[in-house]
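Put chain L on the given structure of chain F with help from the hints.
So the sequence lines, in the order shown, correspond to chains F and L.
Throughout the first sequence, residue numbering follows the numbering used here, covering 1 to 426 in sequence.
Throughout the second sequence, residue numbering follows the numbering used here, covering 1 to 480 in sequence.
Don't take every hint at face value.
Pairs of lysine to aspartate or glutamate residues, derived as EDC-like cross-links and limited to a Cα-Cα distance of at most 20 Å, are as follows [to be verified]:
| id | chain 1 | residue 1 | chain 2 | residue 2 |
| --- | --- | --- | --- | --- |
| 1 | F | Lys-89 | L | Glu-129 |
| 2 | L | Lys-141 | F | Asp-91 |
| 3 | F | Lys-89 | L | Glu-125 |
| 4 | F | Lys-127 | L | Glu-84 |
| 5 | L | Lys-141 | F | Glu-246 |
| 6 | F | Lys-60 | L | Glu-84 |
Just so you know, the hints here were simulated from the structure itself, not pulled from any lab data.
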Amino acid sequence: MKDKMKQLADSIKKYCKADDYAFHIVESQDLHTRFAQNGITQHINGTNLQISLEVSFDNKTGAAEVNQTDEDSLKNLVKTAENLAKLNKPDPEFVSSETAHDLRNFEKPAERTLKLSTKEVVDGIEKCIANAKKKNAKISGISQKNITSHYMETKNGFNGYDKTAHFSHSMTMKKGGIETKVERSCRDYSDFSMQNNIEQLNSQFDSLQEPQKMDYGRLPVIIRPQAFLTWIYYLSWTFQRREADEGMNPYTNKIGKRFFGENFTMRSIVDDPKIQAPRFNFNGIPTKNIDWILNGVIKNMQTGRYYAKKKKIAPASIFNVVIDGGNSSEEEMLKMVDRGIILNSFWYIRPVDMKSGEWTGLTRDGVLYFEDGKIKNAVTNFRWNEILHNATKKIIALGPSQQIQYNAKVPTVLINDFNFVDVTTF
Amino acid sequence: MKYLELALDTAKSLGADYADIRIQKSKTEMIYLRNMSLKNTSVDELFGYGIRIFKNGAWGFAHSNIFSNDAVIQTVKQAYTIAEQSARLKHGSGLKLAYERSYIDSYKTPYCIDPFDVSLEEKVELMMEVNKTLLNYEPIKQALFTLECRKDEKLFGSTLGTRLELETVYIEPMFRATAVNSTDSQSRTFSEGGKATGWEYIQNLNMKEKAEIVAEEAIMKVNAESLGTETRRTLILDPMHTALTMHESVGHPTELDRVLGWEADFAGISFATPEKLGNFQYGSKIVNFVADNLIQGGLATNGYDDDGVPNQKWYIVKDGILNEYGTTRTTAPLIGQKMSRGCNRATNYYDFPINRIPNLYLEPGKVELSPQDLIADTKDGIYIEGMGSFSIDQHRVNFQFGGDMFWEIKKGKKVRPLKKVLYKSNNPEFWNSVDAICDKRFFKTFGVTNCGKGQPGQRGRMTHGGATARFRNIRVGGSQ
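Chain F on its own, in the form it takes in the complex (with noise of 0.2 Å):
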């Protein structure tokens, strides 16, 4: 594939005539194998490729993707962008194209995914619907195999090229009032287990049973991973260096200081093999081992090219996800507080309010109730409004990071006070 990338990157480069350039070709080649209700109810295989291209003239810029590789496109390709840039306006924030880098030795995507097929992918669904029809149970979810290969080349020397893969299992098991999800992905199939994922669906399954109503309020809650990686996901988004300069968002002059909870670090990371982190961006920017929160206090934000430039500052993106856990278990945790709730999910996370960092959001996929160090009984979901950087100070105890995903480790969590504002009416 690097070959014909290459090949392809050949033709742009003697058609282009700009000032400056960049471009990048990715090839996606996927299987998307969607169960529902006990049965295969969509199956997609494919491979996809973008070319995108940006020129610039001075500092006028213009950009066009296509999708085909004969010359007559590529040089289609090359003029559209070409003709935007010429006939655009003058950039006041223009940056010339990346130069040159040294990028991290390449490793080869896990032979294991690369190989996997469509038919052990459906004989791993066949698993999950054999035990759903044991449980008297309806199962759905998705079975997802991706390759990407991405090849980047600016005029300004930078040349990078990447191969990663993943596969990811994701499956909801459904009986009446009674729905539990388990998510999972790798880089290296080998590393995951069907098996596993089915007995912690049983085992979230089998404690969820007559969940009871709730009266909601600020309550202590036991976070589980998959539950705490999507909120994590939800403020990486608003992360923003520029906006908070400009007085956009909650991180307004706290750069450098203490605005989440002691024991919060949030980092991305290059140097573990489990957890996939690009060579570089989609910028050219190389990553590295960053952080981004050390011990509540706010070290790097995300900040794009110009805003670097203009600030002094390294540019920087989120690639990957790791929180640093601590040594509590969650049955250490049910005895730290006198009562309170455990979610395996959250639903639905949109803003409140940007500028003050409030959130909402739902749980769901089963609610436990516990008391006296206990686990009582499940009960039924309720919504939350939180500003999600003062919840992380009312952080009592973490549990060790557990890789969730195939970019992401996070631990179990326990917080205090948590903000539940409703309660779902089934």
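Frame of chain F; chain L shown alone:
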């Protein structure tokens, strides 16, 4: 067309029970302006085909961007092999397809000026003028403008004998001003969503004039007070707001695939189950939700869906009662319906078509009533314009919405602007609380171009509409 026939012939020779092919070219122009800096000016073109094979009651789908006889044959074989694997784990005793006849037809979005024929210069100049207008106000620290134009050209053929040539176009302008003071930052947005039409739509929008209002209201909002403790209040909601509430609380719950549990692992299921058809009081008696894939300018007005079923109009909720669903050829037979309502749509050539919300609107009131009359008739309430925070549970029952602009109403008058207003409600409480809807003179539409659904995710499109409506006794309060 030769690849279309080759694909279908190959599918038949392999023994497919049904097959179709969609050859689709999609062109998207995107311009993004932030504080007078053009962050993106791009034209993207995607060209390829997706082939669906139905065999032994199960689907297989494969796609390719390579146009050659070998590639087409290979892609058909791939789809066939996948369908065979799917049939190992059939849904029930195997899926069935609703009856449909064959069509040879074409459809094109009606428009005067092709947005792709308008020069970049003209577009950027207009956007910069609006940006400048917004930034002329000192408290406005961020001015955004995005303009998206998209054209899809499709050839659809099926083993039923259907041959369709479809061309759809839409434009979506959106601009936003963010005002900042010493303690807060608040935004105000102009957006009517996307519209299936030509550049003439933009020419008639008077955006510069609207920009002044947007900037002034953003400043008003950042300096406004927020609402205190949650209490039960009257809400008056404008159609740009109810477009989102109907999308989330009526559109999604009445997609039949969700009702059947096909989205249980991701987007969720629906409370609006089949035994409720014809008897569930979804809304008050004046609430009628019309599915209308024939409406002019509608983003789901495509001539035919991706099952080759013609666009139709029907009631989802009639006189307050749940009447019907949005269905596809695959989902309709599962509740005993003989024919599909034509809601099967894919976004790009490589997407598998899924059960989508049709164009859906709240029918205007039959009695003459203006928004001003409605405010004058309200002693104490909150008037909400535009869209803000939104969140709904996975059964589509309990929800919380914000908005873009808020006004307090006292004794029939808008007395002051507010910020950070949230309301909570549920199905069926919310739509049953409607006691007045303005008449058809005040009907407006909003085109949704980013409806996320499916795995892998697709960005679906449909149009919603309505006139300003009043909701009684809803839990309304301020955020923290």
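Each hint tested on the structure:
| no. | hint | verdict |
| --- | --- | --- |
| 1 | F:Lys-89 <-> L:Glu-129 | 12 Å, holds |
| 2 | L:Lys-141 <-> F:Asp-91 | 18 Å, holds |
| 3 | F:Lys-89 <-> L:Glu-125 | 8 Å, holds |
| 4 | F:Lys-127 <-> L:Glu-84 | 18 Å, holds |
| 5 | L:Lys-141 <-> F:Glu-246 | 7 Å, holds |
| 6 | F:Lys-60 <-> L:Glu-84 | 52 Å, violated |
Hint 6 from the earlier list is the only one contradicted by this structure; the remaining hints agree with it.
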